[in-house]
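Engineer: Residue numbers (the numbering used here), protein chains in the order written: chain A, 86 to 331; chain B, 86 to 331.
For the record, the hints were derived by calculation from the structure and aren't laboratory data.
Hints may contain errors.
Here are the simulated SDA-like pairs of lysine to any residue, each with C-alpha atoms no more than 20 angstroms apart in a straight line [unchecked claim]:
no.	chain 1	residue 1	chain 2	residue 2
1	B	K224	B	R115
2	B	K178	B	K125
3	B	K294	B	D329
4	B	K224	B	T236
5	B	K178	A	E185
6	B	K224	A	K274
7	B	K212	B	E233
8	A	K224	A	P112
9	B	K274	A	Q199
10	A	K212	A	Q135
11	A	K176	A	Q204
12	B	K125	B	D97
13	B	K224	A	E284
14	B	K294	B	R202
15	A	K176	B	G306
16	B	K176	A	Y182
17	A	K224	B	D242
18	A	K176	A	Q199
19	A	K176	A	S142
20	A	K178	B	R102
21	B	K178	A	C226
22	B	K178	B	E284
23	B	K178	A	Q204
24	A	K178	B	I146
25	A	K274	B	P307
26	B	K274	A	K274
27	B	K274	A	E284
28	B	K224	A	I296
Covered stretches of chain A (in silico footprint by chain B; criterion: 3 or more residues with CB under 8 angstroms from a CB of chain B, positions within the stretch not fixed) [claimed, not checked]:
no.	stretch
29	101–107
30	188–202
31	221–231
32	259–272
Glycine included, every Cβ here is placed at the ideal spot set by N, Cα and C.
Protein chains: 2
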Amino acid sequence: MARLNTFHLPTDQWPARVGDVVRLTGPEARHMGTILRTEKAQTVRLFDGQGRDGLFSVRDIAKNRAELEALELAEHPAPAGGLTLAIGWGKSKRRDYLLEKVVELQGRGVIFWQAIRSQGALPEDPKATWNEKFIQAAKQCGVVRLPELDTVSGGVDGLLAMAGEFDRCYLAWEAEEATTPLSPGMLSKGRTLVVIGPEGGFDPVEADKLIHAGFGPVTLGPSILRWETAAVYCLSLAMFGAQDRS
Amino acid sequence: MARLNTFHLPTDQWPARVGDVVRLTGPEARHMGTILRTEKAQTVRLFDGQGRDGLFSVRDIAKNRAELEALELAEHPAPAGGLTLAIGWGKSKRRDYLLEKVVELQGRGVIFWQAIRSQGALPEDPKATWNEKFIQAAKQCGVVRLPELDTVSGGVDGLLAMAGEFDRCYLAWEAEEATTPLSPGMLSKGRTLVVIGPEGGFDPVEADKLIHAGFGPVTLGPSILRWETAAVYCLSLAMFGAQDRS
Chain A
86 MARLNTFHLP TDQWPARVGD VVRLTGPEAR HMGTILRTEK AQTVRLFDGQ
136 GRDGLFSVRD IAKNRAELEA LELAEHPAPA GGLTLAIGWG KSKRRDYLLE
186 KVVELQGRGV IFWQAIRSQG ALPEDPKATW NEKFIQAAKQ CGVVRLPELD
236 TVSGGVDGLL AMAGEFDRCY LAWEAEEATT PLSPGMLSKG RTLVVIGPEG
286 GFDPVEADKL IHAGFGPVTL GPSILRWETA AVYCLSLAMF GAQDRS
Chain B
86 MARLNTFHLP TDQWPARVGD VVRLTGPEAR HMGTILRTEK AQTVRLFDGQ
136 GRDGLFSVRD IAKNRAELEA LELAEHPAPA GGLTLAIGWG KSKRRDYLLE
186 KVVELQGRGV IFWQAIRSQG ALPEDPKATW NEKFIQAAKQ CGVVRLPELD
236 TVSGGVDGLL AMAGEFDRCY LAWEAEEATT PLSPGMLSKG RTLVVIGPEG
286 GFDPVEADKL IHAGFGPVTL GPSILRWETA AVYCLSLAMF GAQDRS
């Protein structure tokens, strides 16, 4: 049902059963009414970004609000595994693109970390605009679950403190010492964390610390990839790994 | 030597031997002199985009021209295989991004084709600005060979006429009938062509024709990928396939 027009309804407003009526307000209601000119009795798809989606019938619609009745409701189980990327913070205008691709390529999560070569200071908490990017991307590509979003302070030490949450941890290292290619097989089972440096790369001290702590150094290939391309490359291998049955 | 500042010198001006002197003019010379403030006696890297690169010493430099002496010259053999993407034409502002990623992820070539659902008319010949995008991307990522760039008229029939140049041809099809995932193994040997639809997807007539002609229908996964994400996904699997020794 992904080809129907899709709108986001927050989890705390999600209906308990078919026949329940919900209200859409704010930008999502404007998108439905003003931009897509949705009409009474049309069927649309709503999702909550936490694994729930459903078909709804428009009962009433105005410029800034809509009333919808649940016709069909589905709940999709959380995947056991998936790829989380820990990405060195940067002020790059390529960040929006990166956030969009994490959703499309079904990443499990994104953690921004403050690297020695990061440009600018990492915000203490994820920004609402980042989550908004996720929502818009999910509406487009039909994904039911938004990636987890986090920021971690304390540089590499902050990352090491999180390592226990993952089954495997890797470091995408641009140095010649990294000769093992990251592979879909490394990303296909359980929870995996891949750490990517900021634009400008890891400081040697950071790479050393991670490798000593057991993060496996891997290469992404012979090309010098841009920040967001490194992320998209990892996500592509993981999405392939998740569907590979060979 | 990829971390040195890199500039593009066209093939017809490439020096025959070490000690020869070449001249850089136009935007590349301005980039060298005005933006990067390169000075006399500095060493830089030049490449021709056709597999040649080398180290050069700056003998003389002004705002719009530079004179350089060849210190070391290398010629990299053309790869036997590689992935060529045939992408349904679109006027999307995401095209520049796509061209950049083809270089970074070491695609062999890009062919734009006029699909039934293409928005706008495909230019008869590749535009100089597209090649310029390739050059700028290659300067950044250190790739020595620019992808081949072509446009093909006649819709799907134009593509079928080119199929003989490839060892294997696939169709990245968003329909449920496509259940075989595109895999790195399909892309790791010989010359492979993957056809991607325009934004809006293939018309069923186009998919039918390609499949009947022997193009293998493959899925890129469960997500509805944007135009340029589909391309980047295929390129990522191909770049992994080319380095996989397992």
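Engineer: Has the given pair, K176 (chain A) with S142 (chain A), been kept, meaning a C-alpha gap of at most 20 angstroms?
Structural biologist: Cα-Cα ~42 angstroms, so violated.
Engineer: Quick one, are K212 (chain A) and Q135 (chain A) close enough, alpha carbons at most 20 angstroms?
Structural biologist: Answer holds: K212 (chain A) to Q135 (chain A) is near 18 angstroms, not above 20 angstroms.
Engineer: K274 (chain B) and E284 (chain A): Cα distance at most 20 angstroms?
Structural biologist: violated, 32 angstroms
Engineer: Can the restraint linking K224 (chain B) and T236 (chain B) be considered satisfied, given a maximum Cα separation of 20 angstroms?
Structural biologist: violated, 24 angstroms
Engineer: Please verify whether K176 (chain A) and Q204 (chain A) have alpha carbons no more than 20 angstroms apart.
Structural biologist: This hinted pair holds, its Cα atoms lying about 6 angstroms apart.
Engineer: Starting from K224 (chain B), check that the Cα of E284 (chain A) is at most 20 angstroms away, please.
Structural biologist: holds, 16 angstroms
Engineer: Regarding the pair K224 (chain B) and R115 (chain B), is the alpha-carbon distance no greater than 20 angstroms?
Structural biologist: holds, 15 angstroms
Engineer: Given the hinted pair K125 (chain B) and D97 (chain B), is their alpha-carbon gap at most 20 angstroms?
Structural biologist: violated, 25 angstroms
Engineer: Check the hint pairing K224 (chain B) with I296 (chain A) against an upper bound of 20 angstroms on the C-alpha distance.
Structural biologist: violated, 30 angstroms
Engineer: Hint check: K212 (chain B) vs E233 (chain B), CA-CA at most 20 angstroms. Holds or violated?
Structural biologist: holds, 13 angstroms
Engineer: Just to be careful, I want the Cα atoms of K178 (chain B) and K125 (chain B) compared with a cutoff of 20 angstroms; is the pair within it?
Structural biologist: violated, 39 angstroms
Engineer: Would the hint linking K178 (chain A) and R102 (chain B) be met if the CA-CA limit is 20 angstroms?
Structural biologist: Outside the cut-off at roughly 42 angstroms; violated.
Of the numbered hints listed earlier, those contradicted by the structure are 2, 3, 4, 6, 9, 12, 15, 17, 19, 20, 23, 24, 26, 27, 28, 29.
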